[in-house]
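Now for the letters of each chain:
2 protein chains.
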Amino acid sequence: MSPTPHEVALSTDLYELTMAASYHTLGMQGKAVFSLYVRKLPPNRSFLVVAGIAEALRYLSQLRFDADALAYLRSLPVLPREFVDSLADFRFTGDVWAVREGTVLFPDEPILEVEAPILQAQLIETVVLNAIHYPSLVATKAARCRIAAPGKTLVDFGLRRTPSLDAGLAAARAAYLAGFASTSNVLAGEIYGIPVTGTVAHSFIEAFPSELEAFRAFARTYPGDPVLLIDTYDTLRGAQHAVQVARELRAEGRRVRAVRLDSGDLIALSYQVRRILDEAGFPEIEIFASGGLDEYALAEFTRAGAPIDGFGVGSRLGTSDDAPLVDMAYKLVEYAGHPALKLSTGKQTLVGAKQVWRHTAENGRYDGDVIAARDEAPPGPEWRPLLQPVMRGGQVLELPSLAVLRAEHLAEMERLPEALRRIDRVEPYPVQLSPVLRARQQDAVTMIRTREGL
Amino acid sequence: MSPTPHEVALSTDLYELTMAASYHTLGMQGKAVFSLYVRKLPPNRSFLVVAGIAEALRYLSQLRFDADALAYLRSLPVLPREFVDSLADFRFTGDVWAVREGTVLFPDEPILEVEAPILQAQLIETVVLNAIHYPSLVATKAARCRIAAPGKTLVDFGLRRTPSLDAGLAAARAAYLAGFASTSNVLAGEIYGIPVTGTVAHSFIEAFPSELEAFRAFARTYPGDPVLLIDTYDTLRGAQHAVQVARELRAEGRRVRAVRLDSGDLIALSYQVRRILDEAGFPEIEIFASGGLDEYALAEFTRAGAPIDGFGVGSRLGTSDDAPLVDMAYKLVEYAGHPALKLSTGKQTLVGAKQVWRHTAENGRYDGDVIAARDEAPPGPEWRPLLQPVMRGGQVLELPSLAVLRAEHLAEMERLPEALRRIDRVEPYPVQLSPVLRARQQDAVTMIRTREGL
Numbered sequence: 002m003s004p005t006p007h008e009v010a011l012s013t014d015l016y017e018l019t020m021a022a023s024y025h026t027l028g029m030q031g032k033a034v035f036s037l038y039v040r041k042l043p044p045n046r047s048f049l050v051v052a053g054i055a056e057a058l059r060y061l062s063q064l065r066f067d068a069d070a071l072a073y074l075r076s077l078p079v080l081p082r083e084f085v086d087s088l089a090d091f092r093f094t095g096d097v098w099a100v101r102e103g104t105v106l107f108p109d110e111p112i113l114e115v116e117a118p119i120l121q122a123q124l125i126e127t128v129v130l131n132a133i134h135y136p137s138l139v140a141t142k143a144a145r146c147r148i149a150a151p152g153k154t155l156v157d158f159g160l161r162r163t164p165s166l167d168a169g170l171a172a173a174r175a176a177y178l179a180g181f182a183s184t185s186n187v188l189a190g191e192i193y194g195i196p197v198t199g200t201v202a203h204s205f206i207e208a209f210p211s212e213l214e215a216f217r218a219f220a221r222t223y224p225g226d227p228v229l230l231i232d233t234y235d236t237l238r239g240a241q242h243a244v245q246v247a248r249e250l251r252a253e254g255r256r257v258r259a260v261r262l263d264s265g266d267l268i269a270l271s272y273q274v275r276r277i278l279d280e281a282g283f284p285e286i287e288i289f290a291s292g293g294l295d296e297y298a299l300a301e302f303t304r305a306g307a308p309i310d311g312f313g314v315g316s317r318l319g320t321s322d323d324a325p326l327v328d329m330a331y332k333l334v335e336y337a338g339h340p341a342l343k344l345s346t347g348k349q350t351l352v353g354a355k356q357v358w359r360h361t362a363e364n365g366r367y368d369g370d371v372i373a374a375r376d377e378a379p380p381g382p383e384w385r386p387l388l389q390p391v392m393r394g395g396q397v398l399e400l401p402s403l404a405v406l407r408a409e410h411l412a413e414m415e416r417l418p419e420a421l422r423r424i425d426r427v428e429p430y431p432v433q434l435s436p437v438l439r440a441r442q443q444d445a446v447t448m449i450r451t452r453e454g455l
Numbered sequence: 002m003s004p005t006p007h008e009v010a011l012s013t014d015l016y017e018l019t020m021a022a023s024y025h026t027l028g029m030q031g032k033a034v035f036s037l038y039v040r041k042l043p044p045n046r047s048f049l050v051v052a053g054i055a056e057a058l059r060y061l062s063q064l065r066f067d068a069d070a071l072a073y074l075r076s077l078p079v080l081p082r083e084f085v086d087s088l089a090d091f092r093f094t095g096d097v098w099a100v101r102e103g104t105v106l107f108p109d110e111p112i113l114e115v116e117a118p119i120l121q122a123q124l125i126e127t128v129v130l131n132a133i134h135y136p137s138l139v140a141t142k143a144a145r146c147r148i149a150a151p152g153k154t155l156v157d158f159g160l161r162r163t164p165s166l167d168a169g170l171a172a173a174r175a176a177y178l179a180g181f182a183s184t185s186n187v188l189a190g191e192i193y194g195i196p197v198t199g200t201v202a203h204s205f206i207e208a209f210p211s212e213l214e215a216f217r218a219f220a221r222t223y224p225g226d227p228v229l230l231i232d233t234y235d236t237l238r239g240a241q242h243a244v245q246v247a248r249e250l251r252a253e254g255r256r257v258r259a260v261r262l263d264s265g266d267l268i269a270l271s272y273q274v275r276r277i278l279d280e281a282g283f284p285e286i287e288i289f290a291s292g293g294l295d296e297y298a299l300a301e302f303t304r305a306g307a308p309i310d311g312f313g314v315g316s317r318l319g320t321s322d323d324a325p326l327v328d329m330a331y332k333l334v335e336y337a338g339h340p341a342l343k344l345s346t347g348k349q350t351l352v353g354a355k356q357v358w359r360h361t362a363e364n365g366r367y368d369g370d371v372i373a374a375r376d377e378a379p380p381g382p383e384w385r386p387l388l389q390p391v392m393r394g395g396q397v398l399e400l401p402s403l404a405v406l407r408a409e410h411l412a413e414m415e416r417l418p419e420a421l422r423r424i425d426r427v428e429p430y431p432v433q434l435s436p437v438l439r440a441r442q443q444d445a446v447t448m449i450r451t452r453e454g455l
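Protein sequences appear in the order of chains A and B. If you read the first sequence in the working numbering, its first letter stands for residue 2, the second for the next number, and so on. If you read the second sequence in the working numbering, its first letter stands for residue 2, the second for the next number, and so on.
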């Protein structure tokens with residue numbers, strides 16, 4: 002979707018502006034480095050799939066304070082007039098390093114690092130966090146759904162209960178990035194080229210004098226092979242009606258593509274419906290299920306061997322309802338060449354610009370990461386750096402297409418250690434600090450504790 | 002924020018369009034009535050505070066298919082060309098009834114009802130649900146925060162981790178509607194006139210050679226009475242630094258307004274910091290706390306009598322993290338004068354256009370609701386109807402200002418039964434069906450079961 006530059010500029014916590022005002026008044030123009038990372042994963046997650054980087058960069062390149070924004074800011078007594086005037090010329094001119102969208106990451110590993118004059122690097126905090134937090138949660142949940150239902154067709158049905166239309170668009174993109182096959186969200190189809198799918202709701206069935214007449218009317222008017230929703234009144238009776246319509250269509254050389262179940266005991270019903278379809282001579286009609294699904298439900302279907310070919314996953318995906326929040330932070334790690342960090346309980350940050358190196362074992366699986374200072378040499382030949390420049394001097398560098406990112410992500414998931422490819426328990430993944438980073442970190446802590454008399 | 006008419010039109014599940022295409026091809030123009038309601042509340046909620054109605058109505062009045070939207074839809078093989086062409090003239094021309102935003106509602110009670118030709122009433126399903134689902138969850142959580150921290154100043158800090166910038170704007174509005182005092186979200190200040198507040202982050206403190214110098218720099222450059230963030234390195238040392246700056250400001254006739262704690266054991270620290278401030282002769286400096294707070298944390302502070310004057314509530318509010326989802330549905334209840342409903346397991350709908358009547362007992366508290374057919378007389382003189390017309394013939398009727406809605410909501414919360422004004426357990430509220438509605442419902446179920454041979 003498209004927040005305007007005005008909306009991007011004002012979609013900020015006021016304190017970004019009060020801090021910027023102080024930096025402006027004090028003439029502080031030193032270069033700051035900020036890291037975006039997760040402090041810890043939600044209790045039921047072994048990894049995070051990163052998404053939302055492209056949107057964050059779009060915000061950075063669009064951020065402008067137009068006349069209306071300046072007029073509103075002048076009305077706030079906490080912002081000096083001269084500072085607000087200076088915002089008319091504000092442009093983000095910094096550099097950004099980031100991992101590829103679709104990358105699997107772990108706590109403390111930078112997702113993105115920003116280097117810019119401190120006023121700029123600070124001012125973008127809110128929009129950068131906002132752009133990446135939610136899509137990463139949805140991509141992570143979508144990846145878990147794929148783990149739980151290997152080989153099944155997964156469709157994003159989330160839009161109606163995502164937290165906004167914008168969020169619905171981001172969720173559709175994140176789910177597709179993580180391997181979903183299609184979405185119900187038409188705008189996501191237009192903007193991102195994601196395949197869009199969908200047929201009818203219960204209300205359609207109810208608007209006709211009977212279920213059978215509704216099926217016939219839909220089959221008559223729908224230009225493709227219809228999917229029939231069979232649970233409005235009674236799922237097994239609905240399956241028989243679907244068979245009847247399939248016979249009528251066969252006489253015309255057409256077919257029913259699938260039936261959809263949306264309520265009841267989906268495992269038991271899927272077996273019964275499969276039998277009805279098979280015995281009637283329609284083994285090619287697929288069964289599609291929806292209704293409050295998530296990775297845990299999908300895993301049950303997989304365990305039960307339920308004869309279901311595809312799933313619509315909606316509200317629980319679009320809200321990441323079992324992990325709606327991750328402790329993702331954007332923290333100053335260096336200012337004017339000096340390391341910066343806070344010592345607050347449980348919230349220590351890793352100083353300086355960093356790189357994450359990932360090792361692939363001989364079996365082709367990842368077996369450990371090292372977080373290093375960015376100016377260090379690689380730990381060895383088998384190590385791959387995850388952070389790359391994505392913006393230089395405020396200009397977005399060429400980014401891979403969504404299709405490429407999706408393919409990379411799917412390959413990445415195959416290389417995860419098997420222990421992490423489960424949804425029923427949380428497994429640690431080995432992440433170490435390089436000796437250089439560890440030494441710099443310790444030096445910085447000592448320096449600050451000494452300086453503050455602690 | 003402002004999704005364009007194009008974005009509103011395409012932010013829909015594809016099946017709304019495939020159904021509309023069938024209605025168009027079949028020439029079905031009968032009037033449909035749809036009800037929006039929650040089937041059940043989240044397990045940890047006793048009530049729902051409704052929000053998002055104004056946004057839903059804005060979507061309805063803006064929805065247009067422009068040339069680009071039509072071009073994209075023509076590229077989808079499942080939509081007949083002639084139907085897509087007809088969308089060029091699409092306007093929502095229906096009537097809408099709704100409760101006031103800020104109203105407390107319970108399961109099965111209509112939040113909103115739409116009456117329009119079936120194609121129109123169906124096509125808007127996705128955006129109407131989307132507009133109301135998330136803001137209602139945030140308003141509900143905000144109301145619970147107020148219950149947990151009576152008399153305290155509550156500030157929305159959610160924007161950085163809301164699921165989109167749009168969602169952040171909606172959350173700021175919902176929190177203010179439910180009694181929050183202010184927001185950090187500058188755009189929400191501009192658009193809704195909500196007071197905006199905020200001062201500095203840890204990064205500001207870290208950008209200076211020492212905490213004390215950072216406090217002095219901020220005090221020198223900030224045009225008002227500063228709030229000092231004191232937990233970057235050590236909260237108690239930070240409190241002493243705040244005292245020192247407060248003394249220096251006093252010499253200039255200025256003051257420190259508050260200190261903010263953002264980590265550690267906030268209850269213990271608030272007592273220690275209060276003592277430091279009081280003993281130094283600054284009883285007027287307030288203590289403000291933030292950092293992962295929600296209604297459960299606020300209730301602990303209240304129980305402990307922690308000397309904290311205000312709270313920033315952020316990520317857990319903006320994601321409604323303990324209830325990110327409510328089973329809210331938009332269902333056909335009547336078509337062409339005939340009642341409609343589905344019989345799916347656990348998902349029965351109440352037929353026909355409805356009204357909700359609320360009774361106030363002699364003690365001034367609500368003591369029960371009746372869901373009735375809309376054409377029924379009131380149950381009695383002490384009963385107030387909750388649904389009112391808000392849109393006629395596609396035109397939005399005059400809606401109350403946010404300030405009025407907020408005042409009404411705060412009064413409404415005072416009239417809730419005391420048992421419902423708790424956050425630690427769920428209490429039922431008596432909601433009955435009127436005898437007329439119950440009879441019509443039973444007749445409709447019997448009619449459909451007979452018709453479908455069940």
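Be careful, since some hints might not be right.
Since the list can't tell identical chains apart, any single copy or any two copies may satisfy a pair.
As the list claims (entries may be wrong) - For lysine to any residue, the following SDA-like pairs were computed, each having C-alpha atoms within a straight-line distance of at most 25 Å:
1) 41 to 248
2) 41 to 293
3) 153 to 400
4) 32 to 222
5) 153 to 79
6) 41 to 401
7) 41 to 297
8) 153 to 455
I should point out that these hints are in silico values taken from the structure, not numbers from a laboratory.
To see whether the hints hold, each was checked on the structure:
1. In the homo-oligomer, the alpha carbons of residue 41 and residue 248 never lie at most 25 Å apart, since the shortest distance is 56 Å inside one protomer and 39 Å across protomers.
2. Taking the shortest Cα distances, residue 41 and residue 293 sit within 25 Å of each other only across copies (13 Å), while inside one copy they are farther apart (28 Å).
3. Neither within a single protomer nor between protomers do residue 153 and residue 400 lie at most 25 Å apart by alpha-carbon distance, with minima of 29 Å and 47 Å respectively.
4. In this homomeric assembly, residue 32 and residue 222 come within 25 Å of each other (Cα to Cα) only across copies, at 20 Å, whereas the closest approach inside a single copy is 63 Å.
5. Taking identical chains as interchangeable, the C-alpha atoms of residue 153 and residue 79 lie at most 25 Å apart only when they sit on different chains, with a minimum of 23 Å there against 55 Å within one chain.
6. Taking the shortest alpha-carbon separations for residue 41 and residue 401, neither the intra-copy value of 28 Å nor the inter-copy value of 43 Å comes in at or below 25 Å.
7. For the homomeric pair residue 41 and residue 297, the shortest alpha-carbon distances inside one copy (22 Å) and between copies (21 Å) are both at most 25 Å.
8. Taking the shortest alpha-carbon separations for residue 153 and residue 455, neither the intra-copy value of 57 Å nor the inter-copy value of 33 Å comes in at or below 25 Å.
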